[in-house]
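Trainee: Please model the complete structure; the sequences and the hints are all you need to start from.
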Amino acid sequence: MAFSANLEMVDSEARITLDGELDAAVAEQFRQAIEQAAQQKPQKLVLFMNTLSFMASAGLRVLVFAKQRMGSEVAVYVIGATGPVLNTLQMSGFHQAVYIQENYP
Amino acid sequence: MAIKIEVSTRDEIMVVTVAGEVDGGSAPGLQTQILPLLQQEGSLILDLGGVTYMSSAGLRMLLLLYRQAVARNGRVALAGLAETIQDTMAVTGFLKFFTVADSVDQALTTLKQA
Amino acid sequence: MVRQSIPANLSALSDIRRLVHQACQKVGLGEAATYRLTLAVDEIATNIITHGYEEQGLTGDIVVSIERTDQNLIVTLEDTGVAYDPRTRGMPTAEDLDKPLEDREIGGLGIFLALQDVDHFNYQRYDNVNHNIFEMNLV
Amino acid sequence: MDTRIDFYPTHQQQGYKLRPGRAFPFGATLVPGGVNFAICSRHATSCTLVLFEKGAPAPLAEISFPDSFRVGNTWCMVVFDLDYERIEYGYRMDGPCDPAAGHRFDRSKILLDPYAKAIGGREVWGEPPDWNDPYPHRARLIFEDFDWEDDRPLEKPLEDLVIYELHTRSFTRHPSAGVKHPGTYAGLMAKIPYLKELGINCVELMPIFEFDEFENSRPNPVTGETMYNYWGYSTVGFFAPKTGYAATGPFGMQVDEFKNLVKELHRNGIEVLLDVVFNHTAEGNEQGPTLSFRGIDNQTYYMLTPEGYYFNFSGCGNTLNCNNPVVRMMVLDCLRYWAAEYHIDGFRFDLAAILGRDPWGAPLSNPPLLESLAFDPILAKCKLIAEAWDAGGLYQVGSFPAYGRWAEWNGKYRDDIRRFLKGDEGMVPVLAERIQGSPDLYGWNKRGPTASINFITCHDGFTLYDQFAYNDKHNEANGEQNRDGGNDNHSWNCGVEGETDDPEVNALRRRMIKNALAILLMSHGVPMILMGDEVGRTKRGNNNTYCHDNDLNWFDWTLLERNADLFNFTRQMIALRETHALLRARDFFGTGPTQSDIIWHGTQAWNADWSPGSRTLAFMLRERQAGQGGNTSPVLYMALNSYWDALPFELPELPINYRWHLFANTALPTPHDIYEPGHEAPLEQFQHSFLVGGRSIVILIGHP
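Protein chains in written order, with our numbering: chain U, 1 to 105; chain X, 1001 to 1114; chain G, 2001 to 2139; chain L, 3001 to 3704.
No wet-lab data here; the hints were simulated from the structure. One or more hints might be untrue.
Each computed DMTMM-like pair below joins lysine to aspartate or glutamate, with the alpha-carbon atoms no more than 20 Å apart [claimed, not checked]:
1. K3191/L / E1021/X
2. K3180/L / E1083/X
3. K67/U / E3650/L
4. K1096/X / E3149/L
5. K3054/L / E1083/X
Stretch-level coverage of chain G by chain U, calculated; a stretch enters the list once three of its residues show a Cβ under 8 Å from a Cβ in chain U [what the hints assert, rightly or not]:
6. 2036 to 2048
7. 2062 to 2074
Simulated restraints, written as ranges between beta carbons of each label pair [unchecked claim]:
8. K3180/L / S1008/X: 30 to 36 Å
9. N6/U / A2032/G: 40 to 46 Å
10. D2070/G / T82/U: 29 to 35 Å
Keep in mind the model is a prediction, meaning the values are calculated, not measured. Ideal placement from N, C-alpha and C gives every residue a C-beta, glycine not left out.
Mentor: Laid out in structure tokens, this is it:
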């Protein structure tokens, strides 16, 4: 199952929709989407994970480093993460740094 | 190559034109000729367009002239310096003591302004 | 049941996951347990590919073998990369090995995720081959 | 002007007016109306002064010293009416030629004055000389007056230095340097703004004493290019700056040009250290040329075996007999001359262990030369840095006789940091020692962290970029079938040997370079950076480029744009060190007046993992009262992760109104990898753990 991460800017909000299986082979695609988002200096970063069927630690690292890079002023939302993916976020303690919601807004 | 100097004045400022090679041999003689000219009035323009070579001894002679002029709160301007000589003076730290001008006229204007 | 040799590069990860996923369905393992086993195998495979082979300038294969006993499903990854026991960040000391998994200084983030929810994990190395063995209870 | 009553000629030879001279100072000194020549030799039976018209093939005149002109073993004479700028001088010495007894006098050779203050013969670097010139390196006279205005040695505290090791020619010789006089003192002067922007406050110049770049030069069997004695670790004259390094060399103004360089560096707050080579000379062994010492007094100047052969503790053919009283005096005179006349701030001694050997090679427990250097009144404020080993197997890192004055190149720091960075096991405990300035090596008899010159790379070995791009050395270009150069580089190529366009590997290499620079500039002790490492300079895996006059050694300035992120990272790390006195300690932690502490942490706060398998360490630096009673001094925290995967580090608690700010994180690409000191990014208020990337380093600053 392939993977895609497409960025959409809605005024000062960066929205990235993640689809498929996010493993070490494709994590770079996700990092570039985050990099483009960061360049727009958004106030919010919203990640839609409803159709993300698998996330390895490589994906988690991109998320954590994105949060470190954007610092405390940019709020990060994780929307629609499925059970196992949510479990991964919680196990690594990352959930404390972001807002986790079933749907958006 | 013998050293030749001519003395003239332009708008009451002393202009000494030097031609030839300034080195350990010729520098002392130059100094004894130019120093007395400083007596009457502090400032001096040295037109060095005709100088083809300046050795360490020559640079030190110029610096001594500078010291004497400063002692009489005058200034020494160098005009028409060859590029290589100006460059060696800059690199060895001698150039910064002097006002430097491309020509005698330019040297006159700068000396008068200051 | 299944034994397949796959070239050790990151693009092969999805094939490895598919093999494990199909085996889990065949034995009727639950969805959550299937995800956890797939994640564990993916993390260790990633570690073998990057640290075991690429970063040492080596190339090689990963042999995925899956078999079923009446109690559990066993997935084994075999590789000829550099020796490395994921359960610790270095060669395990005797004292490390008898500590329960939770208390050990588990390897990096990836290994930490991988070994958290696997019913049983074991590492062995003999005649220059690393063996990473994952077991999930079926009953 | 000749006010002295005793300055009139008393003798005449060949039309030159002479009189007995003054025994000191040695060498040629301008005196009213003439020049005073003085030279000593214990075993010579007669001495002749040889005068040349500058550059002439044959001598102008040969004046033998009358025996009445001798004081003890010193011949001295005043020669009147010489044209200082046109004269070159040398000596012929007669005496026994009995190699077995250690004497190698040869009257046919014209000998260079060991105290020559300017030396002709190699005015333009690399211009092939006349090979059958009877006197290839010719002593010249100089004007010793130079207008220093108000300049004097800066005397910066050693703990505040950030040393930048550079080679004068390599620094600006590459066309990309864009300077008017490439590869010269003037070229270096033009690059002072670059050094200031980087934040460097001390340059260590590889050998600038006159040397012969053509010494055993030979065509490269592989490329056909000429291979030179390029680095210059083989001195011809100890009192003269290398003429070929001066833009004004052909005009004989190298002395003024070098003094002006020192003056300009000082004016910009940059100290000057000289890399000095007293362990051997350019004369090599029995087969080597007789240029100076061998013909003047072989038995005094060289360590000789009982049969009269040369001891070779330097690995270069001969060994200077530094603990012989006459040679010891020359070394002292030389250093005093450079300190007093050139305002030099300090010296780095090549293969310094040799200076502690007696004339028969045995290590001395209280070497007279090292002692007199340590307590000399003129050198009192000079930095004395020893490369505390030699090629004879004497390794004294930590045990170099220091008298509380000497610092050392810490070879153990280099090896231990390299091994930790590449992920070796069991390095965490020794890493902690290195970070504290190596108390395990220098913690005895009142030495402090400033005894340790910390470096990860230097001119010898890989550049920092190559350290993470090559597992093995690639010295084929040196023409010795890759047998030369060290093999214990402790390097790691991040998966691919040499250049690659794999983005992952290149990103990892940049991270490793930043990790190395972060550790170097956060460690107690004096950091030293190799020229070009701040922009990822490469020598294509060659770790012994002593002989190359090409882009293997030349600094490629186009790297400035290509690796602007490395330059920025280095600049900010140096700025951090300059901002926080906590990083620049004069005493080891827990000793001395300064009340600051280092507290060890790991992935768990307050609990470092010292086990053999550990590859993580963290530490916190703070003043003891930080956060109490109005004291708002900052707290520094550094997490080091040389494990290949990311690890969460639990952050230690801060005093109540303090908050953690992110200063550097090598896992992030530029510009997020580092901030300007004072403009760090605040972490979340509640955040008590930080994920440190695989093979990455994080630096946090805690302040209100």
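Trainee: Given the hint of 29 to 35 Å, is the C-beta distance from D2070/G to T82/U inside that range or not?
Mentor: holds, 31 Å
Trainee: Given as covered by chain U, does the region 2036 to 2048 of chain G meet the bar of three residues or more with CB within less than 8 Å?
Mentor: Answer holds; 6 residues pass the 8 Å Cβ test.
Trainee: Do the beta carbons of K3180/L and S1008/X sit within 30 to 36 Å of each other?
Mentor: holds, 34 Å
Trainee: Assess, step by step, whether the Cα of K3180/L is no farther than 20 Å from the Cα of E1083/X, and give holds or violated.
Mentor: At roughly 12 Å apart (the allowed maximum being 20 Å), E1083/X and K3180/L satisfy the hint.
Trainee: Would the pair K3054/L and E1083/X pass a check requiring their Cα atoms to be no farther apart than 20 Å?
Mentor: violated, 25 Å
Trainee: Count residues of the region 2062 to 2074 of chain G with a Cβ under 8 Å from any Cβ of chain U, then say if the count reaches three.
Mentor: violated (count 0)
Trainee: Would you check the hint for K1096/X and E3149/L, treating anything up to 20 Å between C-alpha atoms as holding?
Mentor: holds, 12 Å
Trainee: Does the alpha-carbon distance linking K3191/L and E1021/X stay inside the 20 Å limit?
Mentor: violated, 32 Å
Trainee: Using the Cβ atoms, figure out if N6/U sits within 40 to 46 Å of A2032/G.
Mentor: violated, 29 Å
Trainee: Keeping to a limit of 20 Å between CA atoms, is the pair of K67/U and E3650/L held or broken?
Mentor: This hinted pair holds, its Cα atoms lying about 17 Å apart.
Of the numbered hints listed earlier, those contradicted by the structure are 1, 5, 7 and 9.
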